[in-house]
Amino acid sequence: MAKYNITEKKVKEAAYRMLVNPVLMEELKSKILEVIVMQKKYKDKDYSAKKLAEDLGTNTRYISAVVNVQFHTNYTSFVNKFRIEEAMTLMVDKRYQDLTMEEISDMVGFANRQSFYASFYKFMNMTPRDYRMQHYQIHPSQKVPKKKKGQGKSKNV
Numbered sequence: 433m434a435k436y437n438i439t440e441k442k443v444k445e446a447a448y449r450m451l452v453n454p455v456l457m458e459e460l461k462s463k464i465l466e467v468i469v470m471q472k473k474y475k476d477k478d479y480s481a482k483k484l485a486e487d488l489g490t491n492t493r494y495i496s497a498v499v500n501v502q503f504h505t506n507y508t509s510f511v512n513k514f515r516i517e518e519a520m521t522l523m524v525d526k527r528y529q530d531l532t533m534e535e536i537s538d539m540v541g542f543a544n545r546q547s548f549y550a551s552f553y554k555f556m557n558m559t560p561r562d563y564r565m566q567h568y569q570i571h572p573s574q575k576v577p578k579k580k581k582g583q584g585k586s587k588n589v
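In our numbering, each residue carries its 1-based index in the sequence shown increased by 432.
Treat the hints with care, as some may be off.
To be verified - Heads up, simulated EDC-like pairs for lysine to aspartate or glutamate below, C-alpha to C-alpha not over 16 Å straight-line: (1) K473 to D487; (2) K513 to D538; (3) K477 to E518.
No lab work stands behind these hints, which were simulated from the structure alone.
Please construct the entire structure, taking both the sequences and the accompanying hints into account.
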């Protein structure tokens, strides 16, 4: 019988996270929120951490460190959180009831339907369709009437 050398995986703290000055970290945190949330850059499919770093005059390591330390996630998940929140708002808004999930995912900045569904499920633990069905209230006048028993069937005499 073979013996397996199983060791516990050590969680390493990236050294560069500790090198960011706390004052700079707070400053970058507010700038990141300003750009991503207030300017709604999360809706831009092509807005990467690299572009954010360029816009803020810093580098991607600092962006990564701030997002990891301050928001406890990575850049992609950070941005997707805002996309999902916007999508949830659109899905239950009557003005957007005729939009497909693909159209909604495109409006909020996802590159494709698959990444939208995967991210949505990760954050909400349900599919976008299930969310829409649970939260969207159909006005009684829009409901499809139920067929009565026997309707549509011909009787053989």
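Evaluated hints:
1. K473 to D487: With a Cα-Cα distance of about 11 Å, the restraint between K473 and D487 holds, given a limit of 16 Å.
2. K513 to D538: Satisfied, since the Cα-Cα distance of roughly 15 Å is no more than 16 Å.
3. K477 to E518: holds, 14 Å
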